[in-house]
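We have chain A already, so just place chain B on it with the hints.
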Amino acid sequence: MSGRRYKQSVSEWSFYGLGYVLLFIFGMLCVIPFYLILVSSFAEESSLIRNGFQLIPQQFSLRAYEMVFTNPGRIGRAYLNTIFVTAVGTAVSLLLNTLTGYVLSCRDFKWRNGFSFFFFFTTLFSGGLIPWYSLYTKVLHLRNTYLALILPMVFSVWNMIIAKNYMKSIPFEISESAKLDGAGELRIYAQLYMPLATPLLATLGLFSALGYWNDWYNSMLFSTKEEMQSLQYFLQDMLGTVQALKQLVAEGQFQAVETATLPSTGMRMAMTCVVTGPIIFLYPLVQRYFVKGLTIGAVKG
Amino acid sequence: MTKNPSAGRRSGFRELPRELKRNRIYLILLLPAVVYVLIFSYAPMVGVVMAFEKYNFSLGIFNSPWVGLKNFRFLTVSNKLWPLTRNTLLYNLAFIVVGMVLEVGFAIIINEMRCRWFKKVFQSFIFLPYFISWVIASAVVQTMLDYDTGLISRIVKSLGLDMVNVYVDKRPWPFLLVFFRMWKGVGYGSIIYLSAITGIDSEMYEAAEIDGANSWQKVFSITLPSLIPTMVIMFLLACGQIFRGDFGMFYQLIGNNGVLLEIGDILDLYVYRAMAGNGNLGYGAAAGLFQSLLCFVTILAANFVVKKIQPDYTLF
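Which chain is which? The protein sequence lines are A and B, in order.
Sequential numbering of the first sequence, starting at 1, is according to the working numbering.
Sequential numbering of the second sequence, starting at 1001, is according to the working numbering.
There may be inaccurate statements among the hints.
As the list claims (entries may be wrong) - Computed cross-link-like contacts, SDA-like style, restricted to lysine to any residue with a CA-CA straight-line distance of at most 20 Å:
| id | chain 1 | residue 1 | chain 2 | residue 2 |
| --- | --- | --- | --- | --- |
| 1 | A | K168 | B | Y1042 |
| 2 | B | K1157 | A | N51 |
| 3 | B | K1119 | A | Q287 |
| 4 | A | K138 | B | Y1042 |
| 5 | A | K110 | B | P1032 |
| 6 | A | K138 | A | N218 |
| 7 | A | K110 | B | F1127 |
| 8 | B | K1170 | B | K1307 |
| 9 | A | K110 | B | L1020 |
| 10 | A | K225 | B | A1276 |
| 11 | A | K110 | B | E1019 |
| 12 | A | K292 | A | P195 |
| 13 | A | K292 | B | F1127 |
| 14 | B | K1119 | A | V31 |
| 15 | A | K7 | B | V1219 |
| 16 | B | K1157 | A | L55 |
| 17 | B | K1157 | B | D1146 |
| 18 | A | K179 | B | I1028 |
| 19 | B | K1119 | A | P284 |
| 20 | B | K1307 | A | F120 |
| 21 | B | K1119 | A | F290 |
| 22 | A | K168 | B | I1200 |
| 23 | B | K1120 | A | L18 |
| 24 | B | K1307 | A | F117 |
Please keep in mind that the hints were generated in silico from the structure rather than gathered at the bench.
The structure displayed is predicted, hence computed values, not measured ones.
With the rest of the complex left out, here is chain A (with noise of 0.2 Å):
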């Protein structure tokens, strides 16, 4: 019996062991490059030359936060078109994609298998990329518009089938019964399946205005003009053009670039910091809704 039981334990031991371990050493993996450019980027420039990227940085120094903030003009603009689009495109898309979702839910609407295949069709066939591109800039004349950078992630077929499943999962006699007191289809829409799909908006809009404010392909491809360049976009082609010039300079192509005039390390970190920043802060607000809205159950039906 004690045989039995030691074994036990040691079962038990090996897995929870095991598991802590592993989370541990996983966690560990995903967080330390933030706290990394975090510390690098109140730490001095020098330093950072010297001794590369440390857990434990030598001197304080908010220099690279200043030479941000000090001539803001570009990073300015960026963050205002961000801002301007990530709250405009989660607004319109958390309300045709639940929209959306709410109809195909709807147990009495008859043609909702047939549309359900319509949307779900377009996930399995695409024109590509390039007829796409074409749509957009030579007959839509989209270039250089913010319509360009919030259209594309504005409906997405994945959130619209988990907002239809969570909706199926909200008792139909409520609907029923409401419709029996009179009220219409938006009605019921509005004011009794929204408020019982918190964790949904909560996890939908996350998406959302993530794929929204990490957005730089779409301005990649639609802004030629830098005022109507995305953050990501901006940060992407300053640390792209650094990286360049570094490779220039290395082949020694390029000798007249003095790298005084080339962002810093310590001020390309304090850049990533103040990019990344505000998303971040949106996720202990909406974590606790996460398992609950993030069902994915079956695609068909």
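Same frame as chain A, but now just chain B:
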């Protein structure tokens, strides 16, 4: 019960006006999404004709000269299509397999954790990389792996070992790409499985405990089998994108670095280069169409196979 189920459908056409009226609010609410999908998803499908043209922006898709299969022939003859397709497929397969193992594994670990603060803190940690863009992830790669200043480079060198310069050496990249993809995506994926685990009937675990099952046995005979439907659905969804690479990651981490492209070039990068450079757009469109068709065939085939084995788990 005497009602013939097909009666409604047969007389459907005559009753169409009445049905339209009865469902009109639903149809109106659906209209914005339908219009959106028609314009931005279905209209570009017409644009696949570009794959058969010597496309010229100024002439447009309907007036550009028709070249038949010449674009596809160029892609195969110039020996581009096969390596690109192979790379895209192999990287995606690695992402799917390693991803599923890690995501399910961490979902189970997080679910079993008894120490609440540890669980909360570390679940947040592994979700953190999901919040950043690949632009910032490439800065992360730099802080860790830069030959002169990166943290890992310096640790490796201080141990007296040789460090590779990852920006000029292509060998480590297959592993690095898989690693960073996992780094960024496992936190999110594990939440999907975690939400599936919370749906498992807790009575099963209680019954197993009474029978003296240990934690390993519970995981292997209750949790994992209960997760199979979710795993199959996630696998099928991934199959639909299996010839579509993660453009953001490959573009930000490899981009235009000629040495690294030898090992990390994928179809999506090729299509983008064809579009952004002065290259022939027809080649890019042909590669894009090829990609879409392969994905389409793969998902149909995968769904068909799953349907044969277990009809409940199919996507459609």
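Structure-based check of each hint:
The straight-line distance between the Cα atoms of K168 of chain A and Y1042 of chain B is roughly 27 Å, outside the 20 Å bound, and the hint therefore fails. Taking the CA atoms of K1157 of chain B and N51 of chain A, the gap is about 13 Å. The hint holds against a cut of 20 Å. With a C-alpha separation of about 13 Å, the suggested pairing of K1119 of chain B with Q287 of chain A holds against the 20 Å cut-off. Of the supplied pair hints, the one linking K138 of chain A and Y1042 of chain B holds, its CA atoms being roughly 17 Å apart against a limit of 20 Å.
With a C-alpha separation of about 19 Å, the suggested pairing of K110 of chain A with P1032 of chain B holds against the 20 Å cut-off. Of the pairs offered as hints, the one joining K138 of chain A and N218 of chain A holds, with about 15 Å between alpha carbons and a cut-off of 20 Å not exceeded. As the CA atoms of K110 of chain A and F1127 of chain B are separated by approximately 40 Å, the hinted pair breaks the 20 Å bound. Under the criterion of a C-alpha separation no larger than 20 Å, the hint pairing K1170 of chain B with K1307 of chain B is inconsistent with the structure, at around 41 Å.
Between the alpha carbons of K110 of chain A and L1020 of chain B the distance comes to roughly 9 Å, so the proposed pair stays at or under 20 Å and holds. A C-alpha spacing of about 16 Å is found between K225 of chain A and A1276 of chain B, which places the hinted pair at or below 20 Å, so the restraint holds. With a C-alpha separation of about 8 Å, the suggested pairing of K110 of chain A with E1019 of chain B holds against the 20 Å cut-off. For the proposed pair K292 of chain A and P195 of chain A, the alpha carbon gap of about 15 Å is at most 20 Å, so the pair holds.
Between the alpha carbons of K292 of chain A and F1127 of chain B the distance comes to roughly 16 Å, so the proposed pair stays at or under 20 Å and holds. With a C-alpha separation of about 15 Å, the suggested pairing of K1119 of chain B with V31 of chain A holds against the 20 Å cut-off. Only pairs whose Cα atoms come within 20 Å are accepted, and K7 of chain A paired with V1219 of chain B is accepted, the gap being roughly 17 Å. Pair hint K1157 of chain B plus L55 of chain A holds up; C-alpha atoms about 16 Å apart against a cutoff of 20 Å.
Proximity of K1157 of chain B to D1146 of chain B is assessed by CA-CA distance (about 12 Å); at most 20 Å being required, the pair is judged to hold. Between K179 of chain A and I1028 of chain B the CA atoms are separated by roughly 18 Å; this keeps the pair inside 20 Å, and the hint holds. For the hint pairing K1119 of chain B with P284 of chain A, the CA-to-CA distance comes to about 15 Å; that is within 20 Å, so the pair holds. A distance of roughly 18 Å separates the Cα atoms of K1307 of chain B and F120 of chain A; the hinted pair therefore holds under the 20 Å criterion.
The hinted pair formed by K1119 of chain B and F290 of chain A meets the criterion: a straight-line CA distance of about 15 Å does not exceed 20 Å. The straight-line distance between the Cα atoms of K168 of chain A and I1200 of chain B is roughly 19 Å, inside the 20 Å bound, and the hint therefore holds. The suggested pairing of K1120 of chain B with L18 of chain A holds, with an alpha-carbon distance near 18 Å, which does not exceed 20 Å. A threshold of 20 Å between alpha carbons decides the hint, and for K1307 of chain B with F117 of chain A the separation of about 18 Å falls inside it, so the pair holds.
Of the numbered hints listed earlier, those contradicted by the structure are 1, 7 and 8.
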